[in-house]
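Protein chains: 2
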Amino acid sequence: MDALQEQVSQRLSLSSVSNHRSCEMMENSWYQRTLRLDTRTPMKAVHVIGTALKVNLDRGAPPSSRFFSVRCGPNVQFRVSPAPEAPHRPSPTVLTGNSVLLITMDHASENENDSKLSVMYYNDEEEVLGKAILHLTAVEISLDVDADRDGQVEKNNPNKGCWTWGPDGHGAVLLVNCDSDQRYLKRRDCEQSTVSTVSDLKDMSLMVLRTRGPARLPEGYKLTMHISQGDAESIRVFRSTSSEIHKNILTENVLYSTFVKQHPEVLSSEVLSQEVPYLGGVSEMNFYVEGLRFPDKDFDGLIRINLSLLEPISQGFPETPIFTDSVVFRVAPWIMTPNTLKPVEVFICSTVDNYTFLKGMKKLVQGNGYKLTVCTEYMNRGDRWMQDELEFGYIDSPHQKFPVVLDSPRDGPLRGFPYKVLLGQDFGHVTRIAEHVSSLDSFGNLEVSPPVSVNGKNYPLGRILIGVAFPTTMQGRSMTKVVQDFLWAQKVQEPIALYSDWLYVGHVDEFMTFVPAPDRKGFRVLLASPDAGYKLFRGLQIDGHGQAKMFEGLGEHEEITVNEILADKVLQEENNYVQGCIDWNRDVLKRELGLDDEDIIDLPILFKLLEDKRAVAYYPDMVNMIVLGRELGIPKPFGPLVNGRCALEAEMCSLMQTLGLSCTYIDDFASYHKMLGEVHCGSNVRREAFDVKWWNLEM
Amino acid sequence: MDALQEQVSQRLSLSSVSNHRSCEMMENSWYQRTLRLDTRTPMKAVHVIGTALKVNLDRGAPPSSRFFSVRCGPNVQFRVSPAPEAPHRPSPTVLTGNSVLLITMDHASENENDSKLSVMYYNDEEEVLGKAILHLTAVEISLDVDADRDGQVEKNNPNKGCWTWGPDGHGAVLLVNCDSDQRYLKRRDCEQSTVSTVSDLKDMSLMVLRTRGPARLPEGYKLTMHISQGDAESIRVFRSTSSEIHKNILTENVLYSTFVKQHPEVLSSEVLSQEVPYLGGVSEMNFYVEGLRFPDKDFDGLIRINLSLLEPISQGFPETPIFTDSVVFRVAPWIMTPNTLKPVEVFICSTVDNYTFLKGMKKLVQGNGYKLTVCTEYMNRGDRWMQDELEFGYIDSPHQKFPVVLDSPRDGPLRGFPYKVLLGQDFGHVTRIAEHVSSLDSFGNLEVSPPVSVNGKNYPLGRILIGVAFPTTMQGRSMTKVVQDFLWAQKVQEPIALYSDWLYVGHVDEFMTFVPAPDRKGFRVLLASPDAGYKLFRGLQIDGHGQAKMFEGLGEHEEITVNEILADKVLQEENNYVQGCIDWNRDVLKRELGLDDEDIIDLPILFKLLEDKRAVAYYPDMVNMIVLGRELGIPKPFGPLVNGRCALEAEMCSLMQTLGLSCTYIDDFASYHKMLGEVHCGSNVRREAFDVKWWNLEM
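Same order as they appear, the protein sequences are chains A and B. Numbering-wise (the numbering used here), the first sequence opens with residue 2 and increments by one. Numbering-wise (the numbering used here), the second sequence opens with residue 2 and increments by one.
Derived from the structure by calculation, the hints contain no laboratory data. Among the hints, erroneous ones may be present.
Copies of one chain are not kept apart here, so a pair can be met inside one copy or by any two copies together.
With a straight-line cut-off of 20 Å between C-alpha atoms, the simulated DMTMM-like cross-links for lysine to aspartate or glutamate are [stated by the list, open to error]:
1) Lys492 / Asp299
2) Lys343 / Asp299
3) Lys372 / Glu346
4) Lys482 / Asp299
5) Lys482 / Asp301
6) Lys298 / Glu234
7) Lys223 / Glu111
8) Lys45 / Glu113
So here's chain A without its partners, still in its complex pose (with noise of 0.2 Å):
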C-alpha cells in the first residue's frame, strides 16, 4: 500500500488496519461517532450498526442545566457516563461537564427516522429547562470477501481489515489477471478497463457489500467506494449490475456487449472514489475486484479498499464519512515450480539440425506419457533455446489458480512465443523491459530449490536460485535488477545468488540441478565436479583403459584418449580453478538450503576455458538434465568406451540408480552441446503448481 496516502483512509475507517496491533484495536474498541444534539432543534442521524454514537450532554445543554434525563424507543440503547449513583432512580441525573451518552441500536431500520431519543435538561429545581431530540436510522453495512481464504465470501468477517501469513492468518487473495480471455483481439485481460466474459470474472476476486436497512437512506446520504492513489495503480473493481447475472454465468449464453455493460468499472487509477447505489431492505451487491499488477521493489503486494456512509451538510459542502468499512488483499505472488513437481507439459523447439535430439525427447517425453509441445521454426526463428526466453510458474489463490509464464527480457528470435503461444485462457503472461541485457537474463540462470528448511525457517515452496558476479568485483555481468526486484518482491520463494560468472554462457543450469530422492531431504543436488572427473579418468588410466577414446563415432578430429586428457596440464589446471568456483557455490549453497554434504552428489564433468578465461563443457554437460519424475534425460556425454559401454554413462547410471532414478542420453551433441546449450537449455518443463498454499507460509 501507499505509504500515507494509504493511511489517510485507513485513519478514517473502522478497519483502520494493516498490522497486527491494530487488528487487536479493532477486536476490542468500539467504534464511537462525537454527534452534537441540540435542544432547539431536533436532529437526524444515520447509524450504523456496530458503532456507537456518544453525544457531550454538558455541551448542548442549555444555561443553567443541573440535571438531565434521556427517553428512547424500543430499537435504541443507551448508557450514561459517568454512570449515575443510583442507576434505577428514576429521577434525572446529575449533569457534569463530563457527561457523556452513549447511543447502540441493535437491529436495522425499517423506516427512515423510525427511531428515537430524546434528552430533557433541568434546573435546579427540576424544572425543564430545553429537550433535544434526536430521530434515528439504523443501517447495516459490510463490505465483504474471503478473508478466511476458504473459497466463499463470509459475512463480516472480524479479520478482513488486515493481512496475516500463515495457516492461522487472514486476508482475503488476489490475482494479476494477466491471462486472456478476450473472445477477439488477443491481450492480458489487465490490459482492458473491461470484463469481457464470465471466465475472466472468474480471475477475479469477488467481494460483495452487504446492507440492511429502510427502502431508501435519509435524504442525502449515500455510499461511496474509494482506494488510494497508490493503490489505484495496482487493482481495478467492476461491479455486477444485473440481477440476472448469476443465471448468465451459468448459462453464458449472454452477449459480450451486453456483459459488458452489466459490469461498469467502479474504481480504477483514474476514478479514486465513486459512489454505489443503496438497494434497500436487505442486499448483495456483487463486486470484482481485478489484479493488475504483481508486487514489486515499490508495490508490497497489499491493497485495501474502502465503503464508506457519506452525510451531507449542504450544499457546497463536502460530505462526511461517518462511516468506513474496508477490506485488505494481498496480490499472489508468482511461484516457480522445482524438478521436484510433476511435469504437466515438455517444451522444445524444431530447427533444421536438431532432428537427433527431437527424437531423442520424443520417446522420452511421449514414453513416459508427457505432453510434448514442440515450437516450429516458423515460431522459434531458429532460436532453439527454449530454457531460456521463459520460465513456467503460476498464481494461486482460493478462488482460481492458473499457469503463469515469466517471459525473459533475453527476447532471443523466441521471443514471440511466451505471448503469442502460450498466453491464453488460464494462461497468464508477466514480463519485465530491460534495456541492457547479458547472458545471464537467460532463464537457465533462474532456478528454483525443491522445499527445504535452514536453521529452523522453513521454505516450503523452495528458494529461487540466480547467478550473478561476485559483488567484489565492478566488472562482471549481472542479472538485470528490474528481474531480480521482481522475483526478490514475490517473497514466498526468498531468492539466493550464485556466482556464475565464471561460466562463458553464465547459467547455473550448467553446474547444478535437483533431482528426487526417497531419502532424506527428499532431494539431492547434482553438481559438476571436474575433481569427480579426474577422479574417474585416473581410476580408467590405472585400470589400463588409458587408450579408450571420448568422441567416438562423432569424427576423428573430435577424438581424445584419456590418457591425452590426463595429460594436459593446462586442462588440469583450468579444472582445478572450475572446482574452485563451483566449491564457492557449494558453500552458498549448503547455507542457505541448510544442506549437508550426503545432500549432494559430485558428477563427473569436466570444463575448458575459452580465450576471454570463462568455462564451457568439455564434453556434454550431464548436468543440464530434463527431470521428468524419476525418468532423467541426460546430454549423451560420448565418455571413453570401457567393454563397449560410455564410462561416464556407467558412472552416472550407478550414481542415480541409487535414487531410484533411470536415466536414458539424448544426443544433443552436434545441435546443441557444440552451441554451449545442452538438454535442459533446449528444453522447458511446466509442471503441477505444490499442495501447499503460499498464504499459509509463516512470514
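Chain A is already provided as a structure; the job is to place chain B on it using the hints.
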C-alpha cells in the same frame, strides 16, 4: 537496503544477515569453506580465524586409496568426519566417499605460511599412495562498528551484521551529514565528497577495520571494501590515512587541504568496491561513514558495508572472496519535538506592521528566559509565517546529535531562512521539493503529539499529525506526497492524518494544540469548540451581558454585541458545521492517540465561513498559541468585556489554571489575525531533544 542486489552481497557473506533468523544463523552455524587438496602439488591457503576449512578427502585421494592419516603443526586443529571408530589408535583411518576434514586455527600467523597440515593416503596394504600438503596462513579480520550503541566501537560484536530495535536491540546508527561544517562556501556537508574539518568527521560514524596477522598477506591476497549499488546512493565511506589523525583531531591545527588528503573517499555512488590496505601485524584502520539521505518511500534506512578477503586465482581471473565480514547501519530518522519538550529558542519575523506583536512576544519569551531570534525583513521579505516555512526536529545517534530543520516546499518569501540562516555547524537542513503545493503544505499543518500509548502500543516519541481532505472526495487539498512519504518513512512517530481541508487556510494548528499537564497522560489536547463558544456567549446573555461588545477598541466597525452574535442564525449554522468537522477529528484523535474525553479540553472559539465555504476564526483563534513550558502565549481574543475583563480570556485562564499553566495574551489582531493566522502561525520553537533514544523503540 536494495532487494536482491543487496541479498547478493549478503549471500556471499559470513554475516549474511538482516533479520532475526539470520542473526541466529550467524551465532549457531559454523562458516565452512570448501578447500581442495592435491597429492601432486602442495597447496597454500589463507585461513580466517573464526571460520573453518573443509576438505572432501575422497575427492583428491589417489586411486585405490583405502586409508588416510592427518598430521599438523601446533597452531592447527582438525576434526575428521565421520569420526574414526577408534580415534586414539595411531593407525590410519578408513577412507569413505564422505570422509571430511575440518580445519581450524586459533591464532593469527606471525609469518606467511607458517603453519602446515598434511594428509597421507594408503592402499589396502597400508602402503603410502600419496601425500597432500597444505601450507596455512592465519589472519584475524574484523570490520567493527558501534553495534551496541554505547558510543564506542567494540571489537567484533556478533550482532554487528544485523539491526534490531529496542533496548536489547543492536546494530549501528548513521547520521545524514546534513549540517554545514564548511569553512568557506556554505552547503550541506553531504553534498561534497570530501571531509572538510574535524567537526565534519564527528557527524560521521566511526568504523574500524581490525586485522592481525603476518607483516604482509601472501602474494596476491587483498582486502576489499564493497557495498551494493542501492546502498551506494545513501552513504559515502572515507578512510583516515594518517596515524597522526587523532592528534590532529584534538588540536584542530591541521591545514584544510592536508586534512582533506588525509581522508580519501573509499566508497561512493561511483565506486562500489575498493581495495583497502592490509597493514600487517596487529593494526586498526579507521573509516568514517557518512549518511547522504534520510529514510524515504524507496529507502528503508538500512545499509550494509562489506569487507572481503580476496584470493588470487591467476592473471585474468577475478579474485575469489573467501571471507566476508559485514556491518549494518540504520540511518537515524528525523524526529519532531512536541510542545511538552523544553523550549530552547523562539523564532519570529519582524515586519513593517507587527510591532505590537513583536513587543508582546519579546516580553513573553525573554521574560521567561528563552532565547528569541527575530528574522528581519531583509531575510523574510514580508513573510511573517515563521511556523509555515519550516519545522524543527533533530537527529540522534550514540555519538552525535543535532537539530535539523525540515524546510517546507511551501517556499514563501521566507524560503531563504532555513538554508541561509539556520543551516550551519551542527544544525542540519533537509527538504523535499514538490512541483505543486497547496496551503496544506505549510507546516502549521504539521504537528506532533507528546508521547502516547494506544491499546498497548507505545509511541514514546509521540505521533506526527498532518491535515488532509476526506479520502472519499476526489477534490480537496492535501499535503504533497513527497512530504507525506518522507514523514511516514521516519517510522518512529507514525503519522496520523486529520481532516483540515474544511479550513480556508487548512492547518491543523487552527483547531488543536497540546499543552503540558501535571496529571493523566502528562498533557491535554486543546480543541477549538464553537459549541463551547456559544455556551459561553449564551451564559453571558442570561447573566445580563448581552450588550457587552466584542472587538472593543479595535475600531467601531469591528464591534459586535453578544446579543448580535447569538441572533445571527447563519453564524450559528456555520458553527454547527465547524463543530461537526472538529468532532470528526476529535474521534480520530481519541482513537489514534488513545485519549479519553477527559484528555481533551474544548476552547470557546467561533468560526465563520468564507465564500468558498471554508472556515476561518471569527475572533483571534486562542488554540493557535505558543507553548513555552508552563507559559502559554495566546492570541488576545478581544472578547466581550464583563466587569472590565474579557470573558474569553477569563474562561481560557480558568481552564488553563487547573493545569498550572499561565496565559499571556498577545495582540496579533491587525498583523496576524486579519491575515488569517495567529501567534502559532507567526512563530516557531526549537526545543530540546527527547531523552528517549529512537533506537530503543520497540517497532
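How the hints compare with the structure:
In the homo-oligomer, the alpha carbons of Lys492 and Asp299 lie at most 20 Å apart both inside one protomer (13 Å) and across protomers (17 Å), since each shortest distance falls under that limit. For the homomeric pair Lys343 and Asp299, neither the shortest alpha-carbon distance inside one copy (34 Å) nor that between copies (39 Å) is at most 20 Å. With identical chains, the CA atoms of Lys372 and Glu346 are at most 20 Å apart within one copy only, with a shortest distance of 5 Å there and 78 Å across copies. In this assembly of identical chains, Lys482 and Asp299 lie within 20 Å of each other by CA distance both inside one copy and across copies; the values are 13 Å within and 15 Å between.
Taking the closest pair of Cα atoms, Lys482 and Asp301 come within 20 Å of each other both inside a single copy (17 Å) and across two copies (18 Å). Proximity of Lys298 to Glu234 under the C-alpha cut-off of 20 Å is found in both arrangements, the shortest distances being 14 Å within a copy and 16 Å between copies. Taking the closest pair of Cα atoms, Lys223 and Glu111 come within 20 Å of each other only inside a single copy of the chain (17 Å); across copies the shortest separation is 82 Å, beyond that limit. Taking the closest pair of Cα atoms, Lys45 and Glu113 come within 20 Å of each other only inside a single copy of the chain (10 Å); across copies the shortest separation is 90 Å, beyond that limit.
Consistency note: the structure conflicts with earlier hint 2 alone.
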